[in-house]
Amino acid sequence: MLSRYRLWLVLLVLAALAYPPQWYPLPLRLQLSQWFGASAYRGLPAGLESVREQAEVFCPQQNAGWREGQQIEGVTVLPAETCVADNPYAVAAFVRGTNNVSHNTLMQSGLTADAVVKGRDLDGDGDPDEIHIRLEVAELNGSSAESKTPVTQYALAPGITPGLWVFAPKLAGMATENFGSNVARPGLRLPSPALRVEQGDRVTITLENTHYMPHTLHLHGADHGFTTATGQGNDGVPFTSEVPVLPGRARSYELSPRHVGTMFYHCHVQPHVHVMMGLQGLFIVEENRPDNWLQTMNLGAGQVRAPSVAVREQYHREYDLHYLDLDKELGERIQQYNDPRLITKSMHRDYDVTDSTVDYFTLNGRSFPYTFRESLLVVEEDERIKLRVLNGGAKGIALHTHGHKFIVTAQDGADLPAANRAPRDVLWLATSQRAELALHTNNDGLYAYGPGIWPFHDHQYKGITNDGIGPGGNISAIVYAQYLDEEGWPQTQGVSWQSYFTEAYYRKQVPIWESYAPGLFSDPGVDWWLLLRLVALALATGMFVGLVVTSSRR
Amino acid sequence: MILVRSILFLCLILSTAVSAQDQHHGHHDMQMDSSGMVMNANRDLLPRGCQEISRDYHFSISAGIQFAAGSPGMIFGMSQHELKVEPCSRVTVTFTNADEVRHQWMVHGLPKYLYPTGMFHIEANAGATLTGTFIVPGDDRTYLIHCDMAQHMEKGMKGQLVVGAGSGNLWSVKDIGDPFYRDAYLPAYAWLLLVLAGLAGLAATLKFSPITPG
Chain D
1 MLSRYRLWLV LLVLAALAYP PQWYPLPLRL QLSQWFGASA YRGLPAGLES
51 VREQAEVFCP QQNAGWREGQ QIEGVTVLPA ETCVADNPYA VAAFVRGTNN
101 VSHNTLMQSG LTADAVVKGR DLDGDGDPDE IHIRLEVAEL NGSSAESKTP
151 VTQYALAPGI TPGLWVFAPK LAGMATENFG SNVARPGLRL PSPALRVEQG
201 DRVTITLENT HYMPHTLHLH GADHGFTTAT GQGNDGVPFT SEVPVLPGRA
251 RSYELSPRHV GTMFYHCHVQ PHVHVMMGLQ GLFIVEENRP DNWLQTMNLG
301 AGQVRAPSVA VREQYHREYD LHYLDLDKEL GERIQQYNDP RLITKSMHRD
351 YDVTDSTVDY FTLNGRSFPY TFRESLLVVE EDERIKLRVL NGGAKGIALH
401 THGHKFIVTA QDGADLPAAN RAPRDVLWLA TSQRAELALH TNNDGLYAYG
451 PGIWPFHDHQ YKGITNDGIG PGGNISAIVY AQYLDEEGWP QTQGVSWQSY
501 FTEAYYRKQV PIWESYAPGL FSDPGVDWWL LLRLVALALA TGMFVGLVVT
551 SSRR
Chain G
555 MILVRSILFL CLILSTAVSA QDQHHGHHDM QMDSSGMVMN ANRDLLPRGC
605 QEISRDYHFS ISAGIQFAAG SPGMIFGMSQ HELKVEPCSR VTVTFTNADE
655 VRHQWMVHGL PKYLYPTGMF HIEANAGATL TGTFIVPGDD RTYLIHCDMA
705 QHMEKGMKGQ LVVGAGSGNL WSVKDIGDPF YRDAYLPAYA WLLLVLAGLA
755 GLAATLKFSP ITPG
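Protein sequences appear in the order of chains D and G.
Take the first sequence: its letter number 371 is residue 371 in the numbering used here, and every next letter is one higher.
To get the numbering used here, take the position in the second sequence, counting from 1, and add 554.
It should be emphasised that the hints constitute simulated quantities derived from the structure, not laboratory data.
Please read all numbers here as calculations on a predicted model, not as lab measurements.
Hints are supplied without guarantee of correctness; some may be wrong.
[Unchecked claim] Some chain G residues near chain D, calculated using beta-carbon distances under 8 angstroms: (1) S588; (2) G618; (3) D693; (4) Q705; (5) D729; (6) P733.
[To be verified] Example chain G residues on the side facing chain D (calculated, C-beta under 10 angstroms, incomplete): (7) D583; (8) I615; (9) I619; (10) L637; (11) E640; (12) G672; (13) H675; (14) K712; (15) S726; (16) P741; (17) A744.
[As the list claims (entries may be wrong)] Pairwise CB distance ranges (calculated): (18) D:E332 x G:F762: 44 to 54 angstroms; (19) G:Y667 x D:G126: 41 to 51 angstroms; (20) D:F239 x G:L740: 29 to 39 angstroms; (21) G:L740 x D:K148: 45 to 55 angstroms; (22) G:D587 x D:G126: 23 to 33 angstroms; (23) G:D587 x D:D123: 28 to 38 angstroms; (24) G:F762 x D:V10: 34 to 44 angstroms; (25) G:A757 x D:S551: 18 to 28 angstroms; (26) G:A754 x D:W8: 51 to 61 angstroms.
Just so you know, even glycine gets a beta-carbon here, dropped at the ideal spot from N, CA and C.
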């Protein structure tokens, strides 16, 4: 019995010695401090070496010839001054119609012959008015029974590959760059293409459902009948208009819009899931003008390289800006299973949108820093630039421009009266709202403050992060051409971007100010002395419990 | 596990002779019209090591959702998932797309000196039928057949072309290879069964264990 008491005593002493003095109760600490003064100084743990990952090339030089202004099939394709540009052959094929271009142009465009078919000129004004657009449905960053890395990969930003669904143009051949690559080919991307038709055109949009789930097409804000001429549902809504288009099936939607403006199209099957997966795009109705050959699709939105007659009359440049936020807990559901039955249940019954939060914030299908490759607004002084903005995300955006005030000329596809056109530097766009903005670059101290690299972004702070890590999200910039280098990369003069172009940074592994204050705010090392004391304390506690248990047994 | 996975993946790679450097270079022979396209067709040029065409084959293959009916978890299907041919034979494929969307029938890993990017490819528009011919090499190999529309292979359109004795079956091919990563199909009460089984094991050990507590 005596030995047992002795053991209790030893344990008690061990625990008392191991207990970290910094956690003693305050009165005891004060008393000890009065008796003995301050404890001896121990240096704080040194900083750890930060994670160093090779940065990606900021401005990849593939398809460099695509940036140049050129004439293809008689179509003037404007230069794209950003680092990554759309395929100019695809631009030309969208303007002429994939049925009206040479075999060579079609091959170079990557499109099928029936991707955008243009027919007769019904009003005799020199441009085609029968327009047949075909859209497929593609899954990006999806699952595979053979690999745990996403297939048909599309990165929003370094290492960020959430599952996505998009309406896609018909691209002939493989969905990936080549057989050795897992990466989605150019043109197969987020967002779904911006579509442009002319007021009064006879437009047919065929939804070819190449995906493994049912989908429809809904033309939000664009003038369309509830049914087609044959009585088929034309509104895309499963519970009022039609049975959705099953996998492997196709359906044609028809419209002949009487009203111009910036509209929206999206899938209307389980919209709280399908629209938020990326099945949404800009739908623009342009004024009817003579010889108005429109760029029917703008892949990935962004710069319009063959603008309409009406836009060219009033503006030097035109950009489509499509904002979309994404919930990573939704996107990862298509990556967790390969069986479409399990995926369907997970997305539509297990996922609860009322409990959701959004994590990624894209502009034209990319997040910072990739936005700087392709979604810069490149301008010169004394220009007028037209911006068509869509907020397709679940959360509102407070769109803010540095260095400029813009004028809102239209909202939700209807022109605003002159009295409402005040210069502004923040615009609130609720979910699914559109706005047309006029940006003036005359350096007058109101509309613009002169040349530079001026960011524009959602001023709601979630929106400028990638899952909470900034800078990220939908940050892009208005860049005056003189600030671009030969390759189209902006000559910034702030901090190094090396860490932004690593996956580690957005995995939250790199101290944020490491590039210009190395070591100052690095992750501290371990206090081994404290750890040792805690382990000893834990040991004593375990033995104490053991003693209690064995004592109660006897 | 990772090692096993790596080896299996390596086998998969080798069996289809994929090169990471594979690029879309070189001249593609292509016939394209409103019904679709046939790429890299070859009726006459013999692969190295072949003296003559050993035999002529003709396969009629259909694709579409109806061919996946009755196969749980598959959406897109093919009428035939495996083709067996002799080395150095000439293979003609008539590919019919029964769906209202595009489908493809692609073979990968063929010699690049005859088939740019190592690929023979038929792409059929909705409802179209196209025919193409190619000549297989003389060695025993198994080649990947698939539709490369996003997710079509993953959701059923995967097959294999076995030349001679082949070089082993591919994973995730209907009736031929199991999914390499098989989803877990378990009832919702599985956790309860596992807990009960664990408790039963514990109880049994305590009751019947030869070692008595000291």
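Unsatisfied constraints (hint numbers, rising): Violated hints: 3, 5, 7, 8, 10, 11, 16, 17, 21, 26; rest satisfied.
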